[in-house]
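If you're matching them up, the sequences are chains A and B in order. The numbering used here applies: residue 1 is where the first sequence begins, and numbers increase by one. The numbering used here applies: residue 1 is where the second sequence begins, and numbers increase by one.
One or more of the hints may lead you astray.
[Unchecked claim] Non-contacting residues of chain A with respect to chain B, defined by C-beta distances greater than 10 Å in every case (computed): (1) S10; (2) G42; (3) F43; (4) V61; (5) L104; (6) E120; (7) M155.
[Unchecked claim] Per label pair, the in silico range of CB-to-CB distance: (8) B/V373 <-> A/L98: 58 to 64 Å; (9) A/I113 <-> B/P143: 17 to 23 Å; (10) A/I14 <-> B/I48: 18 to 24 Å; (11) A/V59 <-> B/E246: 23 to 29 Å; (12) A/R160 <-> B/A378: 51 to 57 Å; (13) A/I18 <-> B/K145: 25 to 31 Å; (14) B/R7 <-> A/A15: 54 to 60 Å.
If you are wondering where the hints come from, they were derived from the structure by calculation, not from laboratory data. Note that the Cβ used here is the ideal one computed from N, Cα and C, for glycine as well.
Chain residues, written in single-letter form:
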Amino acid sequence: MADAAFLALSVLTIASAIAALELRSLVYGAIALMGTLGGIAGFFLLLDSPFVAMFQIAVYVGSIAVLILFTVMLVRRELIFTKVEDRRRRLAGVGLMLVAMASLGAVIVNSGISGITTDEPAVDFREIGADFLVRYWPALILMGLVLSGAVTGAMVLARREDTEDDQRAG
Amino acid sequence: MSVIAPRFKFSEFVKSIIENAFWIVVIMTLVGLPMAMIVLFYVDLPVIDGALVTPFLALTWLSHPELALPLLKSFLTSDAFRILAFPGFGFAALVAAGTIFVERKMLAKLQLRVGPFYCGKIEGILQLAGDGLKLISKEIIIPAKADKPLFIVAPLLFVGAAAAFVALIPVAPGWVVADVDVGLLAVFAVIGFFPIITVLSAWSANSKFPFIGGIRALYQMVSFEIPLILSCLGVVLLTGTLNLTEIAQSQQVIPWIVLMPIGAIVFFICMLAELERIPFDLPEAESEIVAGWLTEFSGMMYGLVQLGSYVKLYAFSALFVVLFLGGWSGPVFWPPLEQELLESGQTLGPIKLQLPGLPLFSQEFFSAVIWFVLKTAAVIFFVLLPRGVFPRIRIDMLLRIGWYKLIAMAFVNIFVALGLVYAGVVGPGGIF
């Protein structure tokens with residue numbers, strides 16, 4: 001059952017990743033990208049970590065894909081991309097990807113990670129939270145500062161008055 | 001002289017009967033038998049009283065009341081019933097239909113109109129059925145330059161996302177379609193799909209008004225998602241869990257709205273914005289941009305979007321009840337039935353009344369469901385009320401409210417929750 005789900009998710013993820021690169025319509029490409037990100041969320045579900053899977057969907061599919069869609073729809077395509085593509089570039093890209101994948105695969109296969117078998121239950125997200133509060137608290141505080149800085153920055157940007165109007169008035 | 005069939009020929013009659021019989025035999029062999037075999041081989045059939053309930057046996061039992069009762073009971077506890085009927089989509093769609101009618105009637109009363117009146121003898125009670133029939137029988141028009149696949153799929157996706165939202169809401173103890181450990185996060189993941197579907201359908205219509213409406217919806221939903229999530233953090237801090245059932249059960253003593261009124265207010269306002277209700281209905285502002293992102297939908301496609309948005313309204317109200325109003329908790333209406341009554345029945349003089357297997361549900365279940373529905377109906381009433389009271393607000397005011405008033409208030413709420421935890425009011429060793 002898990003194998004069938006894994007195969008289906010792999011096919012979905014890889015096929016939609018290729019579609020995201022190859023589709024001529026940018027909106028459909030963005031939808032395919034959503035498929036890829038959703039497939040990765042499915043992998044997290046298969047790995048017994050629904051917490052990460054839900055964040056993957058909420059953040060990547062729910063926010064980043066929306067950002068991409070928004071950009072694609074508001075900006076005309078010709079303004080973003082100039083198409084430089086010929087046969088040689090295409091073949092070079094495919095070759096480069098194959099080399100990269102082969103070397104990464106060789107590293108992963110040789111690292112012995114495929115030989116690991118474990119029956120341990122998945123780590124509960126509450127334990128991760130407790131670890132964050134007890135052992136890794138400086139990292140947590142740093143993250144909190146960065147995030148609140150980001151939120152404050154967003155609010156400052158939203159509050160910014162348009163100076164041009166004042167200049168025009170003055 | 002008129003005859004019913006002027007060119008009646010007996011041979012033609014026999015031929016038509018034989019043809020019909022032939023097609024029935026062919027279809028039953030090619031479709032019916034494989035379907036029965038698929039059910040027999042692949043569906044996990046329930047076992048009742050040591051007998052495997054095949055479709056044939058089920059049909060036999062249905063003709064006998066005493067045997068049909070255990071069958072009904074096993075169906076009521078099955079997953080299919082949960083998904084399709086009670087805590088799942090059927091219940092939500094029923095509440096949504098009721099909401100549409102109540103909204104029209106209530107708005108009319110608020111604005112000193114009559115509202116739906118003529119369809120059905122009593123207060124236009126059949127108006128909704130009439131509207132549904134009209135929507136189903138209308139032609140579905142797809143704009144010539146629309147992006148067809150997306151345009152057709154968008155309403156279905158919208159209803160699907162709303163149904164997924166409903167599936168996460170617990171209605172009574174143990175009565176939830178998907179009881180996931182990270183329920184609240186799953187809710188936020190599902191809510192994240194609505195702006196995508198909206199903006200994709202708006203784009204695919206290839207028309208100006210839907211596009212403007214879709215972009216407005218995107219602005220609105222994305223900017224109000226942040227205070228929505230932040231306002232729930234207080235509840236998560238106090239309960240220490242993301243499971244919605246546990247959150248509801250943690251409020252047996254006191255609902256969180258008493259301790260965190262600010263969070264509840266922020267959540268409610270964000271809910272209005274996410275649902276595109278007045279005063280935040282800029283995406284469908286009918287006086288400026290026709291019907292916003294719904295402009296090009298016609299017939300049942302519009303009906304599906306409308307159904308989806310009202311199912312979403314029910315789901316958000318139910319989420320508010322679960323998070324802040326204590327879910328199904330409340331005093332039990334009737335005491336549980338006596339054991340003797342259940343076993344030996346009731347004797348009234350010469351008549352002995354006994355129904356083995358009844359009641360189907362416990363009294364606590366009924367009480368829980370009644371409390372939940374009452375609270376949800378109250379929240380839905382307060383969601384509907386602004387439509388009769390407030391005008392629509394401008395988009396810059398909307399974004400101003402979303403980006404700093406509500407976010408700041410949500411942070412205040414988080415500090416209130418932290419204060420409650422550290423003061424020892426809630427949590428281990430606390431009062432509640």
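Hints versus structure:
1. For A/S10, the requirement that its beta carbon stay farther than 10 Å from each beta carbon of chain B is met, with the minimum near 21 Å.
2. Against chain B, the non-interface label of A/G42 holds: every CB pair exceeds 10 Å, the least being about 12 Å.
3. Chain B leaves A/F43 outside its interface by the beta-carbon criterion, the shortest separation being 15 Å against a cut-off of 10 Å.
4. With a least CB separation of 6 Å from chain B, A/V61 falls inside the 10 Å interface cut-off, contrary to its annotation.
5. Chain B leaves A/L104 outside its interface by the beta-carbon criterion, the shortest separation being 30 Å against a cut-off of 10 Å.
6. Consistency note on A/E120: stated as away from chain B, and its beta-carbon is indeed over 10 Å from all of that chain's, at 18 Å minimum.
7. Taking the minimum C-beta to C-beta distance to chain B, about 5 Å, the non-interface status of A/M155 is violated against the 10 Å cut.
8. Between B/V373 and A/L98 the C-beta distance comes to about 60 Å, which sits within the given range of 58 to 64 Å.
9. For the pair A/I113 and B/P143, the supplied restraint of 17 to 23 Å is violated, since their beta-carbon distance comes to about 52 Å.
10. At roughly 45 Å, the beta-carbon separation of A/I14 and B/I48 lies outside the given 18 to 24 Å, and the hint is violated.
11. Separated by about 24 Å at the C-beta atoms, A/V59 and B/E246 satisfy the suggested range of 23 to 29 Å.
12. Judged by the Cβ atoms, the range 51 to 57 Å given for A/R160 and B/A378 is violated: they are separated by roughly 41 Å.
13. One distance hint, 25 to 31 Å for the beta-carbon pair A/I18 and B/K145, holds here, with the actual separation near 28 Å.
14. Roughly 59 Å separates the CB atoms of B/R7 and A/A15, a value that falls within the hinted 54 to 60 Å.
Going down the numbered hints, you'll see the structure goes against 4, 7, 9, 10 and 12, while the others check out.
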